[in-house]
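J.: The lines below spell out each chain.
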Amino acid sequence: MLRDNTSKVVLIGGILIILFGAVAPNWIVNQLMFGFSRALAILGLLVLWRTGLVSFGHAFYFGLGAYTVAILDIQLGVTDVFVRLLGGACLAGLAGFLVGFIMRNYRDIFFAMLNTAISMVLYGIIVKTESLGSTDGFAISLPTIFGVAPETKYPLFVVITTVAIVSALLINFYLKTTIGRLTTPIRDNEIRVEYLGFSVAHAIHLKYTMSAILAGGAGALMAMSLGQVDPDSMINWTVSGELVFITILSGPGNVIAPFIGSLVFEVLRTYAFELAPHLWQLIVGGTFLTIIFFLPGGIWSLISKLGRSTS
Amino acid sequence: MTESKPILEVRDLLKTFGAVVAAKDINVDVRKGEIVGIIGANGAGKTCFVNMVTGYLKPTSGSIAFDGVQLVGKGPREVTHAGISRSFQVSQVFHTMTVAENLMIALAIAKNRGFAALREMDSPDLLTRRDDVLTRYHLDSYKDMTVNVLSQGVRKLLDIAMAVVSEPRILLLDEPTSGISVEEKFGFMDVVIEALREDEVTVLFVEHDMEIVERYVSRVLAFYQGEIIADMSPKKALADAKVQEFVIGTRH
Amino acid sequence: METFLTILLDGLQFSSYLFIVSAGLTIIFGVMKILNVCHGSFYAWGAYTSAFFIGKFSEMGLPDGLGFVVIVASAIIVGLVLGFLIEQLILKHMYHRDEVLIVLATFGLFLVLEDVILIAFGTDPYFAYQPMALLDSVEMGGIVRDVYGLTLIGVAALVAAGCWFLLNKTKWGTILKAVIFDREMGISMGINVPFVYTLTFIGGAILGGLGGAYIAPTISVAPGLGTEVIVLSFAVVVVGGMGSIMGAAIGSVIIGLLRALAVHELPQVELFVVFAVMAVVLVFRPEGLFAPAKPRKI
Numbered sequence: 001m002l003r004d005n006t007s008k009v010v011l012i013g014g015i016l017i018i019l020f021g022a023v024a025p026n027w028i029v030n031q032l033m034f035g036f037s038r039a040l041a042i043l044g045l046l047v048l049w050r051t052g053l054v055s056f057g058h059a060f061y062f063g064l065g066a067y068t069v070a071i072l073d074i075q076l077g078v079t080d081v082f083v084r085l086l087g088g089a090c091l092a093g094l095a096g097f098l099v100g101f102i103m104r105n106y107r108d109i110f111f112a113m114l115n116t117a118i119s120m121v122l123y124g125i126i127v128k129t130e131s132l133g134s135t136d137g138f139a140i141s142l143p144t145i146f147g148v149a150p151e152t153k154y155p156l157f158v159v160i161t162t163v164a165i166v167s168a169l170l171i172n173f174y175l176k177t178t179i180g181r182l183t184t185p186i187r188d189n190e191i192r193v194e195y196l197g198f199s200v201a202h203a204i205h206l207k208y209t210m211s212a213i214l215a216g217g218a219g220a221l222m223a224m225s226l227g228q229v230d231p232d233s234m235i236n237w238t239v240s241g242e243l244v245f246i247t248i249l250s251g252p253g254n255v256i257a258p259f260i261g262s263l264v265f266e267v268l269r270t271y272a273f274e275l276a277p278h279l280w281q282l283i284v285g286g287t288f289l290t291i292i293f294f295l296p297g298g299i300w301s302l303i304s305k306l307g308r309s310t311s
Numbered sequence: 001m002t003e004s005k006p007i008l009e010v011r012d013l014l015k016t017f018g019a020v021v022a023a024k025d026i027n028v029d030v031r032k033g034e035i036v037g038i039i040g041a042n043g044a045g046k047t048c049f050v051n052m053v054t055g056y057l058k059p060t061s062g063s064i065a066f067d068g069v070q071l072v073g074k075g076p077r078e079v080t081h082a083g084i085s086r087s088f089q090v091s092q093v094f095h096t097m098t099v100a101e102n103l104m105i106a107l108a109i110a111k112n113r114g115f116a117a118l119r120e121m122d123s124p125d126l127l128t129r130r131d132d133v134l135t136r137y138h139l140d141s142y143k144d145m146t147v148n149v150l151s152q153g154v155r156k157l158l159d160i161a162m163a164v165v166s167e168p169r170i171l172l173l174d175e176p177t178s179g180i181s182v183e184e185k186f187g188f189m190d191v192v193i194e195a196l197r198e199d200e201v202t203v204l205f206v207e208h209d210m211e212i213v214e215r216y217v218s219r220v221l222a223f224y225q226g227e228i229i230a231d232m233s234p235k236k237a238l239a240d241a242k243v244q245e246f247v248i249g250t251r252h
Numbered sequence: 001m002e003t004f005l006t007i008l009l010d011g012l013q014f015s016s017y018l019f020i021v022s023a024g025l026t027i028i029f030g031v032m033k034i035l036n037v038c039h040g041s042f043y044a045w046g047a048y049t050s051a052f053f054i055g056k057f058s059e060m061g062l063p064d065g066l067g068f069v070v071i072v073a074s075a076i077i078v079g080l081v082l083g084f085l086i087e088q089l090i091l092k093h094m095y096h097r098d099e100v101l102i103v104l105a106t107f108g109l110f111l112v113l114e115d116v117i118l119i120a121f122g123t124d125p126y127f128a129y130q131p132m133a134l135l136d137s138v139e140m141g142g143i144v145r146d147v148y149g150l151t152l153i154g155v156a157a158l159v160a161a162g163c164w165f166l167l168n169k170t171k172w173g174t175i176l177k178a179v180i181f182d183r184e185m186g187i188s189m190g191i192n193v194p195f196v197y198t199l200t201f202i203g204g205a206i207l208g209g210l211g212g213a214y215i216a217p218t219i220s221v222a223p224g225l226g227t228e229v230i231v232l233s234f235a236v237v238v239v240g241g242m243g244s245i246m247g248a249a250i251g252s253v254i255i256g257l258l259r260a261l262a263v264h265e266l267p268q269v270e271l272f273v274v275f276a277v278m279a280v281v282l283v284f285r286p287e288g289l290f291a292p293a294k295p296r297k298i
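So the protein lines, in turn, are chains A, B and C.
For reference, each letter of the first sequence is one residue, going 1 to 311 in this note's numbering.
For reference, each letter of the second sequence is one residue, going 1 to 252 in this note's numbering.
For reference, each letter of the third sequence is one residue, going 1 to 298 in this note's numbering.
Incorrect hints may have been included.
[Said to hold, decoys possible] As a list, the in silico DSSO-like pairs of lysine-lysine whose alpha-carbon atoms are at most 30 Å apart:
{"no.": "1", "chain 1": "B", "residue 1": "K143", "chain 2": "A", "residue 2": "K8"}
{"no.": "2", "chain 1": "B", "residue 1": "K32", "chain 2": "B", "residue 2": "K235"}
{"no.": "3", "chain 1": "B", "residue 1": "K143", "chain 2": "A", "residue 2": "K305"}
{"no.": "4", "chain 1": "B", "residue 1": "K111", "chain 2": "A", "residue 2": "K176"}
{"no.": "5", "chain 1": "B", "residue 1": "K143", "chain 2": "A", "residue 2": "K176"}
{"no.": "6", "chain 1": "C", "residue 1": "K92", "chain 2": "A", "residue 2": "K305"}
Note that these hints are calculated values from the structure, not bench results.
Quick caveat: nothing in here was measured; it's all calculated off a predicted structure.
Bound-form chain A, shown alone (with noise of 0.2 Å):
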């Protein structure tokens, strides 16, 4: 399982992130903490994304997850760190596999917007419930740790980093598997994947459930590295663009992509906003139409094809 290229960078690399985390500034463990978050719910849309799918509602099950830790904080005291993401990524999941029977069905524009609708209507409920923090959100507490109160971020730090490089192992795995290569497949030629004696309808309800999974862990580990959730940077259709955007700037090639994609995606934006807050809608369409046109694997063929050439 763990025999090929990808998973040994993922493995070095990761324990190199989590050594280097020990001694780098805050706002770097920061960023790091934010990009790692994210790029578990990118991990679930580039599975999507190579079946020709693009959700652009996946900030339901990011919200949702978010707003697990939250609710488990607020209402039930809950602070252990692994309660949360766990209850976070299981009930995005568990939400992903019923709305699955619906959305596997579903292709193009119409699994797109069918995805927004659902998120809007969260959103929707979310903003006007007051016992749901309405407009303003909740703040949330610093989680401890196997019972452990820690006094920096570094331990959480640890725990995203750790959970990060499993799923990249995981969902690496997965695209090796007979069912984790139909993608492209499906993509292609839905009729002859059925004709072959596969089950479209189930692959996607599969790929939809680990999205929302993903997503929904993602949205967790977000909200206790941010501290709070609202709904404009959790639930809204922008946060969907959001994650989609990265998605395309990672490119659909491995499993490493997101990470890295993520990272871009969050300095780029911390030195948009302090260089030209204006600005920043402006640069996310740039980039989005210049990979568009001119880069249709992201950022990860750049990097291949550096690879290619070093070796």
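Starting from the structure of chain A, add chains B and C where the hints point.
T.: Frame of chain A; chains B and C shown alone:
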């Protein structure tokens, strides 16, 4: 051929689209090892028949029994699981993938049923099988080429090869030689039929080309306006007055 | 009774402006199979252009009645310039690519154009109340309404009638319907499809611009107004059936009335109700209520 019980029994098949009758009174028995040619003009109901047997279209009424199992109501996937595969008039392959990848995914789906689908796909066993199929269908030299860049003839070979990797007991070929040049067609059919005979597959194939029909089939089904007007040996069929008038025409 | 009338008129006015914008969106989708996210930008640019010039002309002491000319001119200019540029520079080179990728490209364009608006017009809101003030208000059934708002319903009816006439009574309509039904068939009939695409996109863009230009006098024209409208007009075309003018009309009325009802009676569900209707329609009628017929492809 031994006079055993037929493996495919089609009874009183009817298919209508609104007021249009696409197939009616279709009764056919096919025995193991037969190679049956299905002929008829465009719109005579040939592809409709193939689509019904393989579960793409649901007949309005009638029954299709395969080895005693009722196929009506089953979809393409279940029909494939039952042991019937098909190829397509316009090759249905994965056009952004290479020939080897196409075959590999076909093999993996056929061999890794159920929870085996969660195991790594590229097992040594499947890779050997893949290379074997590549050789038997003369696809070796195209192995690493993307389907997009291949000629129609190679795509059709691949299309058929993908249909047989599940080791079906019946294979339906929908116009295997359409889109293939006159010079290539016999070479192409030799490759296909030889490979299929080796596997003892029962074959039904839709064909426009009477030279191909004469050369490869053991029996002919002639369709006209949704009905079977002749079910006989190729020699007899080609001499039959009705077949000449309605199928072959003045010179099709 | 008065509340009922208020809801009805609010709803119809809201529907009218939704319809004008959505008609453009649905025509573009019907003919070109493009879900054009940057349609929201046409709307925003229309609103800004008309608000800017109405304000300028008023400062220069020109008669307020000129505002109506400005509105129409803004829509046409925005549609012609932006529509033409976007179609020629970007979309034309993408027609062979995945539907979803084109949506993403128009999303990128939308984001770019949102910021270009900020650069061009700044962050302060514009108020172009003059045309509205000119028409004054009227009392009907016990409530007072702005006449300007009521004319919006008339404009929408005019747009609907215009579209209907164009599609059903002119040679152009026949050509469009052929391309809508089957692009390949259109090509084989000798229709200059690329040219039809360019004109369609410009026409759709003008309608998007008109929606913005006409609504500008009734709102404060401020950053972000394109975002709300694109999401709402998506809901409209999904509910009505993408590519159908009739569908856009029905969808607008459903969404407009429901939203007005929610705003007055149950403000908590205002946002929720639009998307809930959209989701329900997608689940039970994926093609929308009035999807145009499609050719069989097998």
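J.: B:K143 and A:K8 were given as a pair; does the straight-line alpha-carbon distance stay at or below 30 Å?
T.: 29 Å, holds
J.: Are the Cα atoms of B:K111 and A:K176 separated by 30 Å or less?
T.: Given that 30 Å is the threshold and the Cα spacing comes to 15 Å, the pair holds.
J.: Can you confirm whether the C-alpha distance between B:K143 and A:K305 stays at or below 30 Å?
T.: 23 Å, holds
J.: For the pair supplied as a hint, C:K92 and A:K305, confirm whether the alpha-carbon distance does not exceed 30 Å.
T.: 29 Å, holds
J.: Take the C-alpha atoms of B:K32 and B:K235, compute the straight-line distance between them, and say whether it is at most 30 Å.
T.: Between B:K32 and B:K235 the Cα gap is close to 21 Å, so the pair holds against 30 Å.
J.: Would the hint linking B:K143 and A:K176 be met if the CA-CA limit is 30 Å?
T.: 20 Å, holds
Comparing the model with each earlier hint shows no violations; every hint is respected.
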